[in-house]
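Work out the full structure, taking the sequences as your base and the hints as a guide.
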Amino acid sequence: MEYTILILLLPAIMFIFLGLAGHKLKPKIAGIFGTISLGIVTLLSLTTAWEYFTSPRVNGVFEKIIPFNIEWLRLGEFLHIDIGILLDPISVIMLVVISLVSFMVHLYSMGYMHGEKGFQRYYAFLSLFTFSMLGLVVATNIFQTYIFWELVGVSSYLLIGFYYTKPSAIAASKKAFIVTRFADLGFLIGILVLSFYGQTFGFIDLMGGSSDLVLQGAAQKSFLGIGVLSWALGLMFIGAAGKSAMFPLHIWLPDAMEGPTPVSALIHAATMVVAGVYLVARMFPLYIVYAPGVLEIIACVGAFTALFAAIIACVQTDIKRVLAFSTISQIGFMMVALGVSTSMDAHGGLGYMASMFHLFTHAMFKALLFLGAGSIIHAVHSNEMKDMGGLRKHMPITHITFLIACLAIAGIPPFSGFFSKDEILAAAFKFSPMMGWVMTVIAGITAFYMFRLYYNIFWAKEAKHEHKPHESGYSMTVPLMVLALITCVAGFIPFGHFITANGLVYDLHLETSVALLSVGVAIISILIATIFYRKETQPIPEMLASKLKFIHKSAYKRFYIDEIYQFITHKVIFACISTPIAWFDRHIVDGFMNLMASATQKLSYLIRNFQSGRVQQYAYVFLLGIVVIVGLILLIL
Amino acid sequence: MGVELYLVISTIMLCAGIYGFLMRKNTLAMLISVELILNAADINFAVFNKFLFPNQLEGHFFTLFAIGIVAAETAIAIAIIINVYRNVQSLDVDKIDKMKH
Amino acid sequence: MDISLQNVVFIIVAIFISVFSVLTVTTKKIMRSVTYLLFVLLGTAAIYFLLGYTFLGAVQIMVYAGGVVVLLVFSIFLTKADENLNIGTKIKKVLPILLTVLIGGGLIFFIIFTHNFLPMASTDAIEELSMKTIGFALVGGGKNQYILPFEAIGVLLLACIVGGLLIARKR
Chain A
1 MEYTILILLL
11 PAIMFIFLGL
21 AGHKLKPKIA
31 GIFGTISLGI
41 VTLLSLTTAW
51 EYFTSPRVNG
61 VFEKIIPFNI
71 EWLRLGEFLH
81 IDIGILLDPI
91 SVIMLVVISL
101 VSFMVHLYSM
111 GYMHGEKGFQ
121 RYYAFLSLFT
131 FSMLGLVVAT
141 NIFQTYIFWE
151 LVGVSSYLLI
161 GFYYTKPSAI
171 AASKKAFIVT
181 RFADLGFLIG
191 ILVLSFYGQT
201 FGFIDLMGGS
211 SDLVLQGAAQ
221 KSFLGIGVLS
231 WALGLMFIGA
241 AGKSAMFPLH
251 IWLPDAMEGP
261 TPVSALIHAA
271 TMVVAGVYLV
281 ARMFPLYIVY
291 APGVLEIIAC
301 VGAFTALFAA
311 IIACVQTDIK
321 RVLAFSTISQ
331 IGFMMVALGV
341 STSMDAHGGL
351 GYMASMFHLF
361 THAMFKALLF
371 LGAGSIIHAV
381 HSNEMKDMGG
391 LRKHMPITHI
401 TFLIACLAIA
411 GIPPFSGFFS
421 KDEILAAAFK
431 FSPMMGWVMT
441 VIAGITAFYM
451 FRLYYNIFWA
461 KEAKHEHKPH
471 ESGYSMTVPL
481 MVLALITCVA
491 GFIPFGHFIT
501 ANGLVYDLHL
511 ETSVALLSVG
521 VAIISILIAT
531 IFYRKETQPI
541 PEMLASKLKF
551 IHKSAYKRFY
561 IDEIYQFITH
571 KVIFACISTP
581 IAWFDRHIVD
591 GFMNLMASAT
601 QKLSYLIRNF
611 QSGRVQQYAY
621 VFLLGIVVIV
631 GLILLIL
Chain B
1 MGVELYLVIS
11 TIMLCAGIYG
21 FLMRKNTLAM
31 LISVELILNA
41 ADINFAVFNK
51 FLFPNQLEGH
61 FFTLFAIGIV
71 AAETAIAIAI
81 IINVYRNVQS
91 LDVDKIDKMK
101 H
Chain C
1 MDISLQNVVF
11 IIVAIFISVF
21 SVLTVTTKKI
31 MRSVTYLLFV
41 LLGTAAIYFL
51 LGYTFLGAVQ
61 IMVYAGGVVV
71 LLVFSIFLTK
81 ADENLNIGTK
91 IKKVLPILLT
101 VLIGGGLIFF
111 IIFTHNFLPM
121 ASTDAIEELS
131 MKTIGFALVG
141 GGKNQYILPF
151 EAIGVLLLAC
161 IVGGLLIARK
171 R
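Protein chains in written order, with my numbering: chain A, 1 to 637; chain B, 1 to 101; chain C, 1 to 171.
Everything labelled a hint here was simulated from the structure, so no lab data went into it. This one's a predicted model, so the numbers in the text were calculated from it and none came from an experiment. Keep in mind that the hints are not guaranteed to be accurate.
To be verified - Here are the simulated lysine-lysine pairs, PhoX-like style, with alpha carbons at most 25 Å apart:
{"hint": "1", "chain 1": "B", "residue 1": "K95", "chain 2": "C", "residue 2": "K28"}
{"hint": "2", "chain 1": "C", "residue 1": "K80", "chain 2": "B", "residue 2": "K95"}
{"hint": "3", "chain 1": "B", "residue 1": "K95", "chain 2": "C", "residue 2": "K92"}
{"hint": "4", "chain 1": "C", "residue 1": "K29", "chain 2": "B", "residue 2": "K95"}
{"hint": "5", "chain 1": "B", "residue 1": "K25", "chain 2": "C", "residue 2": "K28"}
{"hint": "6", "chain 1": "A", "residue 1": "K166", "chain 2": "A", "residue 2": "K386"}
{"hint": "7", "chain 1": "B", "residue 1": "K25", "chain 2": "C", "residue 2": "K90"}
{"hint": "8", "chain 1": "C", "residue 1": "K90", "chain 2": "B", "residue 2": "K95"}
{"hint": "9", "chain 1": "B", "residue 1": "K25", "chain 2": "C", "residue 2": "K132"}
{"hint": "10", "chain 1": "C", "residue 1": "K92", "chain 2": "B", "residue 2": "K25"}
{"hint": "11", "chain 1": "B", "residue 1": "K25", "chain 2": "C", "residue 2": "K29"}
{"hint": "12", "chain 1": "C", "residue 1": "K80", "chain 2": "B", "residue 2": "K98"}
{"hint": "13", "chain 1": "C", "residue 1": "K143", "chain 2": "B", "residue 2": "K95"}
{"hint": "14", "chain 1": "C", "residue 1": "K143", "chain 2": "B", "residue 2": "K25"}
{"hint": "15", "chain 1": "A", "residue 1": "K461", "chain 2": "A", "residue 2": "K549"}
As the list claims (entries may be wrong) - A few chain A residues facing chain B, derived, Cβ under 8 Å:
{"hint": "16", "residue": "G613"}
{"hint": "17", "residue": "L623"}
{"hint": "18", "residue": "G625"}
As the list claims (entries may be wrong) - Quick list of the computed label-pair ranges, beta carbon to beta carbon:
{"hint": "19", "chain 1": "A", "residue 1": "S612", "chain 2": "C", "residue 2": "M120", "range": "40 to 50 Å"}
{"hint": "20", "chain 1": "B", "residue 1": "N87", "chain 2": "C", "residue 2": "L98", "range": "28 to 38 Å"}
{"hint": "21", "chain 1": "A", "residue 1": "S612", "chain 2": "C", "residue 2": "I147", "range": "44 to 54 Å"}
Even glycine gets a Cβ: it sits at the ideal position worked out from N, Cα and C.
Okay, structure coming up:
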């Protein structure tokens, strides 16, 4: 399967080509180039998946294949950083997800970004992002993951700040980069600790490979009362939490919506933000064995984030913000699913499988939602709900696909979201009933806010438009239809045959009670939303908002988390630490240097007259010198 | 009549030459002063040779060669001065500073 | 010290040289300055004659008085040489130079008169240096003979001719 290297190389080449030569091409040609290369990559990924999952199993599991590997940097006797490709069930699934969504976004952007300044640059950055994301998922070792992890961060930064003349976009891109960079510090330290004790970076070695004994030895060591491996894995989760926007590092994701909408669909819904989930899944065997405590923390953080984001999503009015908080909430679901797994076998590891399943289905329907939102924004030129309403008559395709996605995320059968969410709830109930109920409530809230969004856009009161909104072109509606189709059928994929914690085949079966419960909750929530928001006037929500003014306002303000960050950074860090240091630097360090400089300058002004360039002055000084020297000699003798 | 009297003449000539070199601003006049200085040195060579080492002829020949070299030096110096004058229309030594800045 | 004809001539030449040396550097007209320089050079030639170095005196007159002074006169004609002859008459500028020169001259006089010269030859009876001796010494290669410097001077003069042409030629 050596051709998998092409999956990585094509986007990289396309980035270099479009980045260097893009401005010489017509925008449309550049877009076609990028889209075609991504199309080839998608085909290759699908072929890889087909070939990988049809190959015979060894001892009942799919083999891990490394079709390509080079040693890039050797650090010592054991440690060496490689660059390579590792194919195993989760990386193959991720390949499919990323290339498919990325292809759809490329295609969609041809219509959405039409006529934008910097169209070629946009496609170059998209290629860079695709390359880094693909490199991240096929990494053979943690360090390669980290390198591509940072590349993903950079390309995300570039794409959020795509409209670089807009101050809010620049602020958002900086915020995203700095917050995730902070989290990545934890990730890096985690990598160093883990590789120091594990004596390898490679995933295969770390998981049941040669370094098992080494790790078992390291598990005995502890630091501040907690095992070093727990420290390492916990720090790595901080990195994952930063990328996946877990509380309290979620603040960058809503602001990242300043970027072009297709970018939000690709990066901030379907692929990059699930990198954290992917990382935890990748390291899952280590978490299970060496740090079960960290897994519980992951579950709690995930659950809290899911609830928190879901509540905020209920009151936001910017449709992209609603979707952003919904993304945070859904990633929380995936984290919970990973966190509630208790063992590698089929029952304990149900959550692992469920989280990967949900990752897959969520990527599809959330990309669909974002692309649909993009189509709507394209039509009405606004992000705000109040500028929409009644759009179902004007945009039938967008309406239907959006509805499918809403039903999927709400968990209504037979759409894909139902199946994956059901598995997560089943795993949560297995872990503890408390967790199960909490997650069920959050699922209900999810259904509520999604249908609030849906009704506010497509029903409710029609806003006045300067010109009549119309359905988008084919380049935009085709990706919507493709994704909607996938959303309809993806739930019936026998996912347990491909990915399970221990690799053995596991037949999914719906837990009837859980399924009935979740569908019931979802339907009730949808009904409430229908009553609240379908009509042209919305008396009940307004009444509730004024009754619960405090809660409504604080949720609308996202519980003041951004303000807290502002306070801490500006009032505490800037004022108490940075300002004195800056003063010291400006006055003491610089002052010393300036003193040296001015002293040298004064001295030079003082002695510059020695170098007048006048022959006669030189001759006079020469003569004077001779007279003085001869006089002195005569005096001494 | 001793060596000293000859040396007094040459000393007067030397001092006059140095004074002129420092006082004159005109390059040609400075060149004239340089001639005086060199001449003073020539006299000294001849005098020392004649009275202190009469059996050898070093001083004599040194003076001879010095006169030849001075002639050459003067010719070159005047060529340069005339050339400079053509370019800056002045013989003032302080104004010849085009290559300084 | 009896007054011989030689002594009388010497004193006249000495006064002549001293006066014209000082006049050379103090006169306000550059043409006069050159003329006084010519007198000084002729006086120097006279001293060479007094010392018995007649060949040297002849060379002095030919090269200096005949060549150098003529060159100077011509260059003065070619330029506005009379403008800005001196650096100025301000006492602040003149006085340090004058003082330094006088002190330097005083030092030299002090050295001359305190140093005990040991004359090998009589200062009174001067013999003329024969032309034959000079000729042999100038083109001989042995001890106390000067063929090498002679050739070196020849090459130097050639270089000067080429250099002078290069500098002076019009482009």
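For each hint, the structure was consulted:
Proposed proximity of K95 (chain B) and K28 (chain C) is supported: the alpha carbons are some 20 Å apart, at most 25 Å. For the suggested pair K80 (chain C) and K95 (chain B), the alpha carbons sit about 14 Å apart, so the restraint of at most 25 Å is met. For the proposed pair K95 (chain B) and K92 (chain C), the alpha carbon gap of about 21 Å is at most 25 Å, so the pair holds. Pair hint K29 (chain C) plus K95 (chain B) holds up; C-alpha atoms about 21 Å apart against a cutoff of 25 Å.
Between the alpha carbons of K25 (chain B) and K28 (chain C) the distance comes to roughly 12 Å, so the proposed pair stays at or under 25 Å and holds. Taking the CA atoms of K166 (chain A) and K386 (chain A), the gap is about 23 Å. The hint holds against a cut of 25 Å. Our distance criterion of 25 Å between C-alpha atoms is met by K25 (chain B) and K90 (chain C), whose separation comes to about 14 Å. Restraint check for K90 (chain C) and K95 (chain B): satisfied, since their Cα atoms lie roughly 20 Å apart, inside the 25 Å limit.
Taken as a hint, the K25 (chain B) and K132 (chain C) pair is broken in the structure, with Cα atoms around 46 Å apart against an allowance of 25 Å. For the proposed pair K92 (chain C) and K25 (chain B), the alpha carbon gap of about 16 Å is at most 25 Å, so the pair holds. A distance of roughly 13 Å separates the Cα atoms of K25 (chain B) and K29 (chain C); the hinted pair therefore holds under the 25 Å criterion. A C-alpha spacing of about 20 Å is found between K80 (chain C) and K98 (chain B), which places the hinted pair at or below 25 Å, so the restraint holds.
In summary, the hint linking K143 (chain C) to K95 (chain B) is not supported, as the alpha carbons are separated by about 50 Å, beyond the 25 Å threshold. Note on K143 (chain C) and K25 (chain B): the hinted pairing is violated, with a Cα-Cα distance of about 46 Å set against a maximum of 25 Å. For the suggested pair K461 (chain A) and K549 (chain A), the alpha carbons sit about 24 Å apart, so the restraint of at most 25 Å is met. Interface restraint check: G613 (chain A) against chain B, minimum CB-CB distance 5 Å, threshold 8 Å, status holds.
Among the interface hints, the one on L623 (chain A) holds; its C-beta lies about 6 Å from the nearest C-beta in chain B, closer than the 8 Å criterion. A cut of 8 Å between beta carbons decides the hint on G625 (chain A): the least distance to chain B is about 13 Å, and the hint is violated. Between S612 (chain A) and M120 (chain C) the Cβ separation comes to about 48 Å, which falls inside the hinted range of 40 to 50 Å. Between N87 (chain B) and L98 (chain C) the Cβ separation comes to about 33 Å, which falls inside the hinted range of 28 to 38 Å.
As the Cβ distance of S612 (chain A) to I147 (chain C) is approximately 46 Å, the hint placing it in 44 to 54 Å holds.
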